[in-house]
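Engineer: With the hints as your guide, set chain B onto chain A.
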Amino acid sequence: MAAIAVERGQMLGHWRRWAPVAVLLGLCLVVGLINPSFFSFGNAVRMLNTAAIPLVVCMGATFVILMGSIDLSVEGTIALCAVAASMLVTNDLTGVTIGLWSVPAAILLGGALGLLNGLVHVKLRIPSFMATLGIGFAGIGIATAILGGVMVRIADTDFRNWLSLGRLFGIPAAVWIAGIAVLAAWVIQERTRIGRWIYAIGTDEQTARNSGIPVERTRILIFGVAGLFYGLAGALSAAQIGRGHALIAQDRLFTAITAVVVGGTALSGGVGSVLNSVIGVFIVIVLANGMVLMGIEPYVQKGVQGILIIAAVALALDRSRLDVVK
Amino acid sequence: MRAMRQRLDTWLPLIVLGVLVLAVGLYDRTFFSLGNVLEVTADTMTLFLMASGVTLVIMMGGIDLSVQAVASMTSCILAVYLPELGFFAIPFAVLGGIVAGFVGGYVSTRLRIPSFIATLAVSGAVLSAGYWFSETRSINIPGELSQKYLSWAVGNFLGVPNEIWVGAFFLVLLSLVLGLTPFGRVVRGIGAQERAVIASGIDVDRVKIAAYTLSGTMAGIAGVVMAARLGSGSPTLANEFLLPAIASIVVGGTAITGGVGSVWRTFVGALIVQVVRIGMTFMGVSVFAQQIVFGVILVAAVAVTMDRNKVLVIK
Numbered sequence: 001m002a003a004i005a006v007e008r009g010q011m012l013g014h015w016r017r018w019a020p021v022a023v024l025l026g027l028c029l030v031v032g033l034i035n036p037s038f039f040s041f042g043n044a045v046r047m048l049n050t051a052a053i054p055l056v057v058c059m060g061a062t063f064v065i066l067m068g069s070i071d072l073s074v075e076g077t078i079a080l081c082a083v084a085a086s087m088l089v090t091n092d093l094t095g096v097t098i099g100l101w102s103v104p105a106a107i108l109l110g111g112a113l114g115l116l117n118g119l120v121h122v123k124l125r126i127p128s129f130m131a132t133l134g135i136g137f138a139g140i141g142i143a144t145a146i147l148g149g150v151m152v153r154i155a156d157t158d159f160r161n162w163l164s165l166g167r168l169f170g171i172p173a174a175v176w177i178a179g180i181a182v183l184a185a186w187v188i189q190e191r192t193r194i195g196r197w198i199y200a201i202g203t204d205e206q207t208a209r210n211s212g213i214p215v216e217r218t219r220i221l222i223f224g225v226a227g228l229f230y231g232l233a234g235a236l237s238a239a240q241i242g243r244g245h246a247l248i249a250q251d252r253l254f255t256a257i258t259a260v261v262v263g264g265t266a267l268s269g270g271v272g273s274v275l276n277s278v279i280g281v282f283i284v285i286v287l288a289n290g291m292v293l294m295g296i297e298p299y300v301q302k303g304v305q306g307i308l309i310i311a312a313v314a315l316a317l318d319r320s321r322l323d324v325v326k
Numbered sequence: 001m002r003a004m005r006q007r008l009d010t011w012l013p014l015i016v017l018g019v020l021v022l023a024v025g026l027y028d029r030t031f032f033s034l035g036n037v038l039e040v041t042a043d044t045m046t047l048f049l050m051a052s053g054v055t056l057v058i059m060m061g062g063i064d065l066s067v068q069a070v071a072s073m074t075s076c077i078l079a080v081y082l083p084e085l086g087f088f089a090i091p092f093a094v095l096g097g098i099v100a101g102f103v104g105g106y107v108s109t110r111l112r113i114p115s116f117i118a119t120l121a122v123s124g125a126v127l128s129a130g131y132w133f134s135e136t137r138s139i140n141i142p143g144e145l146s147q148k149y150l151s152w153a154v155g156n157f158l159g160v161p162n163e164i165w166v167g168a169f170f171l172v173l174l175s176l177v178l179g180l181t182p183f184g185r186v187v188r189g190i191g192a193q194e195r196a197v198i199a200s201g202i203d204v205d206r207v208k209i210a211a212y213t214l215s216g217t218m219a220g221i222a223g224v225v226m227a228a229r230l231g232s233g234s235p236t237l238a239n240e241f242l243l244p245a246i247a248s249i250v251v252g253g254t255a256i257t258g259g260v261g262s263v264w265r266t267f268v269g270a271l272i273v274q275v276v277r278i279g280m281t282f283m284g285v286s287v288f289a290q291q292i293v294f295g296v297i298l299v300a301a302v303a304v305t306m307d308r309n310k311v312l313v314i315k
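Taken in sequence, the protein lines are chains A and B. With this note's numbering applied, the first sequence covers 1 to 326. With this note's numbering applied, the second sequence covers 1 to 315.
These are computed hints drawn from the structure, not numbers from a lab. Some clues are possibly wrong.
Stated by the list, open to error - SDA-like, lysine to any residue: derived pairs with alpha carbons at most 25 angstroms apart:
#: 1; chain 1: B; residue 1: Lys148; chain 2: B; residue 2: Asn162
#: 2; chain 1: A; residue 1: Lys123; chain 2: B; residue 2: Asn162
#: 3; chain 1: A; residue 1: Lys123; chain 2: B; residue 2: Ile297
#: 4; chain 1: A; residue 1: Lys123; chain 2: B; residue 2: Gly259
#: 5; chain 1: A; residue 1: Lys123; chain 2: B; residue 2: Lys148
#: 6; chain 1: B; residue 1: Lys148; chain 2: B; residue 2: Arg137
#: 7; chain 1: A; residue 1: Lys123; chain 2: A; residue 2: Val215
#: 8; chain 1: A; residue 1: Lys123; chain 2: B; residue 2: Val304
#: 9; chain 1: A; residue 1: Lys123; chain 2: A; residue 2: Ser268
#: 10; chain 1: A; residue 1: Lys123; chain 2: B; residue 2: Arg137
What the hints assert, rightly or not - Some, not all, of what chain A presents toward chain B, calculated at C-beta under 7 angstroms:
#: 11; residue: Leu119
#: 12; residue: Leu124
#: 13; residue: Phe129
#: 14; residue: Ile142
#: 15; residue: Ala145
#: 16; residue: Phe254
#: 17; residue: Gln305
#: 18; residue: Gly306
#: 19; residue: Ile309
#: 20; residue: Ala314
#: 21; residue: Leu315
#: 22; residue: Ala316
Think of the CB as a built atom: it goes at the ideal place given N, C-alpha and C, for glycine as much as any other residue.
Bound conformation, chain A alone (with noise of 0.2 angstroms):
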């Protein structure tokens, strides 16, 4: 009977596990055959780019989610940085022109600003969702205050061309930066001894604490790897639109949490990937394009992805984990 009982939690598990996944295919088809010109080479090459900003966004976010803690800074600190990187490059603002190093310059601002926000979590033991949320707030506070509500263009084709525009194989650059942005967070998870740490945080931060992990360093860095990749979002973001303002951002917390929980990753911290959130970003993207598709009003997809959100995390969680929920 327990083996049976063990193979059937085994069975659940594996479907979980490839659930999104199909999900993500049965989407597909249902899309396809209601409108065929969604496979065509340019549809798909469309939403790979759509998908590009997101992708990036929740390789970020996923490290956070798995460790059972949530950064809702996400827009805050992509507009700070979008805003940053269009005033380094030649625009009609400012006389500062570093053309592509604004790039690096973007990021190093998100990760500062991500440290921040571990600094303000772990050392003044505060949760997450609330440090997050007054940092991320902040950070669009700053992003207009420089910018006095006007809004900065951007005159670098060269930053546009390398960050958006520019194709290689006919694929526009953000997706190529975007798929390396996905390998470097892989890495990150796989390879590196931070990575592991992470997983046992969201498992059980009391036992990992006990076998000796750093989990306030691990913890602090995580938030600030996240920034890294908020920060190159903002500079993609810029050179995708060619201007800098402080709404840039907006909806895109939102967008990166449904994927991420989509995706399989599950709130409570322990279980998932980034591999998930890649998964999670098309459904996302798979989703908003079949709508455009046929034709549904854009405003609506906010409503959906809220809806998915609730199923996701309602199928995903796992209620033996948690007697009390706040």
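Structural biologist: For chain B alone, kept in the frame of chain A given last:
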């Protein structure tokens, strides 16, 4: 020593408010005039109304991140249906808030999803609903309709702006509910020690759903008052209200770990937030930069009020 500490904790928000008022008053003497005091208080009321319901949720140790979307949506419902339904547009709009609050509570408790993610998800759906009701536009409320149906929110009575009467009414009502009813005691109990409340046979989920529903209701009422004051409804009307609302609650001394708190504390907290805002405007800090200060205040207040004995692992 302990008793003193506790007494200080109780009165600290009021002391802070007093000091801030004095500081701003020294900068600008007209601040103390009766007219100005009434105006400042009236301006604070929408923030207080929005935060008052969330206070109950935070006292249980949860959070409601959907209130700004809910208030925006109800402002749209009100503005759209006022010409058609007249007075009945008001309960209809508030009903929108009730439903949103109920759904958030239901999702969080019955599906056992942490409240911050459940209410964040619901706020996405609510935002879409707001856009749907308003057809993505901002909708003006004609002056004569406002005069006819919304004067209870924006007029004067006995020389006091009606916003203050509305705010005071809900301050007293919610305080009575929290202080005198079994519901209020259970809300406190859930925040203090949820397992004990469950063990004593109380249907915790029902109480929680009721509290979230109340939070949505108050956000809905805040949306109606906001629309009445501004003379329009829009799907982004209450944006930038979430952070000050949570800041008001926490600055007032309600701990996000639950168990401690009250609605009058939120009232004081909202006044603190408003006076800080006025002070910053005097000093020439731009409206945009003020978000930064509120972010810092929020984090600092959470750090001070949080009861770390209650949570072993801070995620």
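Engineer: So, for every hint listed, does it hold in this structure?
Structural biologist: Against the structure, the hints:
no. : hint                  : in the structure
1   : B/Lys148 <-> B/Asn162 : holds, 15 angstroms
2   : A/Lys123 <-> B/Asn162 : violated, 45 angstroms
3   : A/Lys123 <-> B/Ile297 : holds, 17 angstroms
4   : A/Lys123 <-> B/Gly259 : holds, 24 angstroms
5   : A/Lys123 <-> B/Lys148 : violated, 55 angstroms
6   : B/Lys148 <-> B/Arg137 : holds, 24 angstroms
7   : A/Lys123 <-> A/Val215 : holds, 12 angstroms
8   : A/Lys123 <-> B/Val304 : holds, 13 angstroms
9   : A/Lys123 <-> A/Ser268 : holds, 22 angstroms
10  : A/Lys123 <-> B/Arg137 : violated, 44 angstroms
11  : Leu119                : violated, 11 angstroms
12  : Leu124                : holds, 4 angstroms
13  : Phe129                : holds, 5 angstroms
14  : Ile142                : holds, 6 angstroms
15  : Ala145                : holds, 4 angstroms
16  : Phe254                : holds, 6 angstroms
17  : Gln305                : holds, 6 angstroms
18  : Gly306                : holds, 3 angstroms
19  : Ile309                : holds, 4 angstroms
20  : Ala314                : holds, 4 angstroms
21  : Leu315                : violated, 9 angstroms
22  : Ala316                : violated, 10 angstroms
In this structure, the earlier hints numbered 2, 5, 10, 11, 21, 22 are contradicted, and the remaining ones agree with it.
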